[in-house]
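Peer 1: Residues per chain, in single letters:
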Amino acid sequence: MAELDTSGGGHKKGPGVKKGKKLSTRVDLTPMVDLGFLLITFFIFTTTMSQPTAMKLLLPDDKVKPDEQNKAKESGALTILMGADNHIYYYEGQLKSDASNFLSASYNGENSIRDVILKKKAYVRSISTDPNDPEHDLVVVIKPGQNCTYKNVIDILDEMSINVVKKFALVDVFDIEQQLIDKSDATATPSSN
Amino acid sequence: MGRAKLPRKSTTIDMTAMCDVAFLLLSFFILTTKFKPSEAIAVTTPSSVSSKVAPNKDFVLVTIDKDGKVFLTIDDKQKRELVANSMNTTKNLGIDVAKFKAASFIGSSFSGLNSFLSISEENRKGDQLPGIPCKDTANNELTVWMQAVNEAYAGSKMDLLLKGDNLSKYPSFKGVLTAFKKNNIQKFQMVTNPENAPAGSELYKRSMSGEKQEN
Chain R
0 MAELDTSGGG HKKGPGVKKG KKLSTRVDLT PMVDLGFLLI TFFIFTTTMS
50 QPTAMKLLLP DDKVKPDEQN KAKESGALTI LMGADNHIYY YEGQLKSDAS
100 NFLSASYNGE NSIRDVILKK KAYVRSISTD PNDPEHDLVV VIKPGQNCTY
150 KNVIDILDEM SINVVKKFAL VDVFDIEQQL IDKSDATATP SSN
Chain E
0 MGRAKLPRKS TTIDMTAMCD VAFLLLSFFI LTTKFKPSEA IAVTTPSSVS
50 SKVAPNKDFV LVTIDKDGKV FLTIDDKQKR ELVANSMNTT KNLGIDVAKF
100 KAASFIGSSF SGLNSFLSIS EENRKGDQLP GIPCKDTANN ELTVWMQAVN
150 EAYAGSKMDL LLKGDNLSKY PSFKGVLTAF KKNNIQKFQM VTNPENAPAG
200 SELYKRSMSG EKQEN
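Those protein sequence lines, which keep their order, are chains R and E. Reminder that position 129 of the first sequence reads as 128 in numbering that gives the first Met the number 0, one-by-one numbering, no gaps. Reminder that position 33 of the second sequence reads as 32 in numbering that gives the first Met the number 0, one-by-one numbering, no gaps.
Derived by calculation from the structure, the hints in this document are not laboratory data. Keep in mind that this is a model prediction, so the values were computed, not measured. A portion of the hints provided could be inaccurate.
[As the list claims (entries may be wrong)] To be clear about the criterion: a stretch of chain R counts as covered by chain E if any three or more of its residues have a C-beta under 8 Å from a C-beta of chain E, and this derived list gives those stretches:
hint	segment
1	34–40
2	99–109
3	153–164
All C-beta atoms, glycine included, are put in the ideal place defined by N, C-alpha and C.
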């Protein structure tokens, strides 16, 4: 391919050189060009490629009196609880006293929380009486447990964005819910995220 | 009828020109590449589908590392001075204002602040520092810091960012949120890695149909 010809043909003999045996040195420049392009691609890819993005979060105003806040209709409420080790649980409406509606889901794969949210959304749309805003009654309450990670919280907030859930709230768990979470965490198999 | 003599021409192409162009391009990219400053606090942020780019100037950043330690970074040096002065007057901490202004981030409790500032810039590594205490609701020092920051930014827009590590536990996050709520800070943004909307989801369908995202 690329070559440098340093044989230098045709110039006068140096003084006193008996036998000017000029060896032709052909330097192959292919590796150098390869390296050059490799370095170029490296620098192309490292010049500010992916800038970190920002996810907005609006906190509810604590001062607003509870009765002035919109009351969540039980039929449209979905509560998501996060436990340790990437465990996630949910229940619809109010938590029954025997905790029979306390169910578990996963972040990815089968029975994912996304499926749960989508099912709830479809249900709310089907029983809605308002044609202009069929998802008006859908409220998702996100309750992170004491041992869940920041990533879990961000993932669920992301799910709100992905599934276009307009009303959601980030609140603390009740003690009884924390106990339920701890109990279920202990018996459940460790799951991945 | 002569012998069909195909004149053989030499096919070696002189590649020096391409080599020159390659090195020119390389030099261009070397000179225009900006390396990200190595962070003293190592944080792996989660990814999200948000498409808004995080501001990298004039922001106030609260960082939560994987052990739940909280650090505060104020980008604007004038505001740092204002915060240091207000902390000195309200809490009587006796902070060295010049050192505070030069510090790229704050990561200790009020009592340890002067010793924190005396450690040299290179030695301030996130894993060795105690961070600002905020898990205890009775003693949430971050509330006081945010109050000073709020005052410093009174009248102008404050870009508040929260950068948490994937593995940090919820109590530290809650401490930070409590500090914000107590100071009536409703709006803030969380720094995440970019991610595409999952195929088939509603967000994906909306972005495909070209609907404007109000994110």
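Peer 1: Look at each hint and say if it fits the structure.
Peer 2: Results of checking the hints against the structure:
1. Evaluation of the coverage hint for the segment 34–40 of chain R: fulfilled, as 4 residues show C-beta separations to chain E shorter than 8 Å, against a requirement of three.
2. Counting residues of the segment 99–109 of chain R whose CB lies closer than 8 Å to any CB of chain E gives 0, which falls below the minimum of 3, so the coverage claim is violated.
3. Note: the segment 153–164 of chain R has 8 residues with beta-carbon separation from chain E under 8 Å; the three-residue rule is met and the coverage holds.
Hint violations for this structure: number 2 only, all remaining hints satisfied.
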